[in-house]
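There are 4 protein chains.
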Amino acid sequence: MVIMAVSSSYPPYPPSPTFQPVLERIATEIGQTPGRGRPADYIPALAACDPRRFGMAVAEIDGTVYGVGDWRQPFSTQSITKVFTLALDLAREGDELWEHVGREPSGNPFNSLVQLEYENGIPRNPFINAGALVVTDRLQTRTGDAAGTLLAFLRAESGNAELTFDKEVAASEATHGDRNAALAHFMASYGNIDNPVPVLLEQYFRQCSIEASCADLALATSFLARHGLRADGSRLLTQSQAKQVNAVMLTCGTYDAAGDFAYRVGLPGKSGVGGGIIAVVPGRCTLCVWSPGLDERGNSVAGVAALDRFTTLTGVSVF
Amino acid sequence: MVIMAVSSSYPPYPPSPTFQPVLERIATEIGQTPGRGRPADYIPALAACDPRRFGMAVAEIDGTVYGVGDWRQPFSTQSITKVFTLALDLAREGDELWEHVGREPSGNPFNSLVQLEYENGIPRNPFINAGALVVTDRLQTRTGDAAGTLLAFLRAESGNAELTFDKEVAASEATHGDRNAALAHFMASYGNIDNPVPVLLEQYFRQCSIEASCADLALATSFLARHGLRADGSRLLTQSQAKQVNAVMLTCGTYDAAGDFAYRVGLPGKSGVGGGIIAVVPGRCTLCVWSPGLDERGNSVAGVAALDRFTTLTGVSVF
Amino acid sequence: MVIMAVSSSYPPYPPSPTFQPVLERIATEIGQTPGRGRPADYIPALAACDPRRFGMAVAEIDGTVYGVGDWRQPFSTQSITKVFTLALDLAREGDELWEHVGREPSGNPFNSLVQLEYENGIPRNPFINAGALVVTDRLQTRTGDAAGTLLAFLRAESGNAELTFDKEVAASEATHGDRNAALAHFMASYGNIDNPVPVLLEQYFRQCSIEASCADLALATSFLARHGLRADGSRLLTQSQAKQVNAVMLTCGTYDAAGDFAYRVGLPGKSGVGGGIIAVVPGRCTLCVWSPGLDERGNSVAGVAALDRFTTLTGVSVF
Amino acid sequence: MVIMAVSSSYPPYPPSPTFQPVLERIATEIGQTPGRGRPADYIPALAACDPRRFGMAVAEIDGTVYGVGDWRQPFSTQSITKVFTLALDLAREGDELWEHVGREPSGNPFNSLVQLEYENGIPRNPFINAGALVVTDRLQTRTGDAAGTLLAFLRAESGNAELTFDKEVAASEATHGDRNAALAHFMASYGNIDNPVPVLLEQYFRQCSIEASCADLALATSFLARHGLRADGSRLLTQSQAKQVNAVMLTCGTYDAAGDFAYRVGLPGKSGVGGGIIAVVPGRCTLCVWSPGLDERGNSVAGVAALDRFTTLTGVSVF
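Which chain is which? The protein sequence lines are A, B, C and D, in order.
Our numbering puts the first residue of the first sequence at 1, with every later residue one more than the last.
Our numbering puts the first residue of the second sequence at 1, with every later residue one more than the last.
Our numbering puts the first residue of the third sequence at 1, with every later residue one more than the last.
Our numbering puts the first residue of the fourth sequence at 1, with every later residue one more than the last.
Just so you know, the hints here were simulated from the structure itself, not pulled from any lab data.
This structure is a prediction, so every number in the text was calculated from the model and none was measured.
Glycine included, C-beta positions come from ideal geometry on N, C-alpha and C.
Be careful, since some hints might not be right.
[As the list claims (entries may be wrong)] Sample of chain D residues facing chain B (criterion: CB under 8 Å; computed from the structure):
(1) Leu113
(2) Glu117
(3) Glu119
(4) Thr175
(5) Phe186
(6) Ala188
(7) Gly233
(8) Leu236
(9) Thr238
(10) Gly283
(11) Arg284
So that you can see chain A by itself, here it is in the shape it has in the complex:
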């Protein structure tokens, strides 16, 4: 595995004196047991990913970013985008959002309709699919273009104007979209969806299809390590709201494995079925790791292992 210290295409990112050796050590260790897990198979573009791919980036809160392996390789962000739409909507409507989506762990597989039914169409949290649909629906109502608002934000924070939707992936999601359609119609039957379901689904599938690299995502996540401040110094979230998003990530960010992730990694994190995971060290830095092989709960095997090693080797943890 080739370890790249710094990409020349980014403005000067000198290798961090602290974390770079750690990243290199992790990459070496991960490289010794490559290809664990299986890529998501319901979308052809994801199924075709080589499970041996691995990349990891760290972004300091001052914007310095460095990494190893495939850290500049764009991949399908999928559910990682749920963090950004949550923040973008929360910035606009504040606590009113929590009347439409909860913030408790789900205790059930990520697509479950059961709790939704028992709790009258209010999804348990913004990171299960039902909750993310509600957040996108509300952002759509407030902006008229939820996916476009998200893309503009990611481009601005990452400094990468080339980020875009992958139309093929969005189309694949739509083709296999019956379960999300069921969730949206079901919540609509409780009055918890504003937009027509086809409009909502299009926005939702587009946002899931955005491609970005570990470097891009680590930078885009930095506002959560900066207590709400964006890359340009403007404030997206209040300090309290940033803390709250981190709390929801820690308790709900990794599907039905949130407790296990907190136990092993001990950082707020959010995974996607594209194999990416972002994590936050509040006040210090953000991380993004990518490797397409997933465990049975939908989290990247090498990704969780790398984050586990990172917190063990550095002692960085919220606990």
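Keeping the supplied structure of chain A fixed, place chains B, C and D upon it in accordance with the hints.
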């Protein structure tokens, strides 16, 4: 409300220059809206508590402890003891414990039998009643006296040799113990309980009946802020295990409100229906707050509010 | 309440010497406590129904039909049509149908998604909405026009060529169709729906919108009392299949009240939220009763009471 | 397989001119595919049963009984006794019983705790274990000896004074009784159990342990075909109550397979894990079949097949 700076009955605890004014401010604020919530009503000794009582203590990791209000008043620890039996058992058997109890949030009210049935008698985490019964059962098998082992630990860590069981409360628990008996028999039907159910229940009810004050519990919790080290400098848990217990507290420590607690307070915590809550600031200090009035999810109203104010006023948070 | 012995618009139906006095007595009794229950309120056309309306018809297996009250007044058949689509599909594909829908009571409210999820998209029986969607989907695949096939059958069996769809009701159903859309998409995600969901839903809402009277429906149901023979003597179902449809009606025909209906009425029956209920006395006759006021489980209050009285007064019962 | 026409140890039971050839034909057919299914394995005495055993008896309402195969061989009645305790308690307290147990199918495996929790400790029907525990508890309160009352009734109706408990089976049940203990304690926590749980369980396990033959049970069930009249002509149940018990048997009598049983057999029936099944042809006769091999839902494979054949060959069915 009278604010007591330091009790003279403890060896010299000078008021902390940092936290004492914060505690006093919180006590004043809480005193302005006294008596919110309702004491637990299923046990006469708890139902008789005056919901206007309020106490709060902070223990620095060096053993310094200070507080306000009723911080030296013993109260019924109830589910707070689940943290200590978890640590005591984990210290003895390590990861083998996790084959018998999970570490994921339950997503259901704390007594629910539903998930227990779907998951073949393996409770979701050690802080729901079913999980705590499993932990006590295993500690009983390893020690022959789970409740006694717990009491000895609490006495040693708090420096308070007078801590003891409240036999009346234990008897009340037994009288209203049908639900816990159901849980224990149900898990026994899956082979996940070793001891005879009556033996287990007696140990469990005794451990819940221990009385201790905020000062006692803040001190007894300090090993979790000290990354596993006990008051006498000996090691109870490895650094990794201490971090793991904190993670389980954050994701599962406050019944069905763990997400909300993480969102508002942002610290690992554990509540009990006696009205107490303990919390950990890893590497820094521990807190214990007590006020008997509970919200509908079983957590102290004034207790959660006080911890919320503490983290807001001090900026202390894991996020 | 005016009791009409025989409508002159039908070919000669002499009043039955046996049942007519019973019907009249029931109508008198029901008339003494008019207007119990509430009409379904989610469809304007149903909500506008006067809950004091009441009609009841009996059809002998020789085609003789008589009745009381509003027995010739068309009303919205709604879920009663599920019996006929079941028979029409079963006649075409036989036992293969049972690989796609079960025949066990649901033990849950009629729209529940819970069991559907636990049982991998196979609905429990053909009379819950999910199961009826599967049956309509399969009939649509086999006929290209499920609703039209149903209407033709009802016209032929009732001898009433004027039976038709109520377009306004069908449009209202579509407007409030999110829950059925959710069910259809959810089952489609398990591969248990053949047709595009919008096509299926249109067929489904059309079939629910058919208007027919007690006389029409009692006659149309007669094939189940004739062990499978249609009005013209041709065979729709084998004797065994007719018995099976009756069995499914008895165990699953009245939403979550099937046990109660069997206990009180003791006949195979099927209700609809339009306030109608059909019932079968195998080998003897069929009944249809209509009154728009529903109980909290969606069954006509006066309708169940009338059938209860009928079986009590006549001693007719399968038990 | 030896077919025994009539046992000489009973007072004169001349072979019925109608049913005996049918029974013999069924026995021959069943004998061609012997030993299907597996005996219940949690109780040694049941596990040791030879799955090739088969017996079947019919009792006319005049007390004439005849049979084939092992129809005079005593076997463990198990859940079949739930029918008799239901009738004995209903005779004593009438409709008040239904405030403590429902009469709707459960839609879940027979030991499920889920619906019990959702419905506040009121079991769905008297034939799931939870419901049977409630019925036994209430009969115990009214008689002081529920199991003894049951045994006396079975002896009187069967004319067999030698019927008795199998102490070894009762002891085995108690050894594997954790699940029933969990159910009882769980309902006690809702206030739906009167007697101390250990007392209730002893009564319950004793009643399940009664041994009786097909002949005994067919005779003991006859009151349900006689619309409530006992063998001596006295009335146990009103005509309406007898009809109601039959309705509950049809909708709830065969665990999670009630719909399938109604569909295939079309008679009120009740099975037990000992391999027995009783069935009622109201106004005509009763049946009991026994063969120890069970299907995955706990019903005798050969037993259901034999009843299916019986109704097919004779045309006897409630539908």
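Hint by hint, which ones does this structure get wrong, listed from lowest number up? 3, 4, 7, 8, 9, 10 and 11
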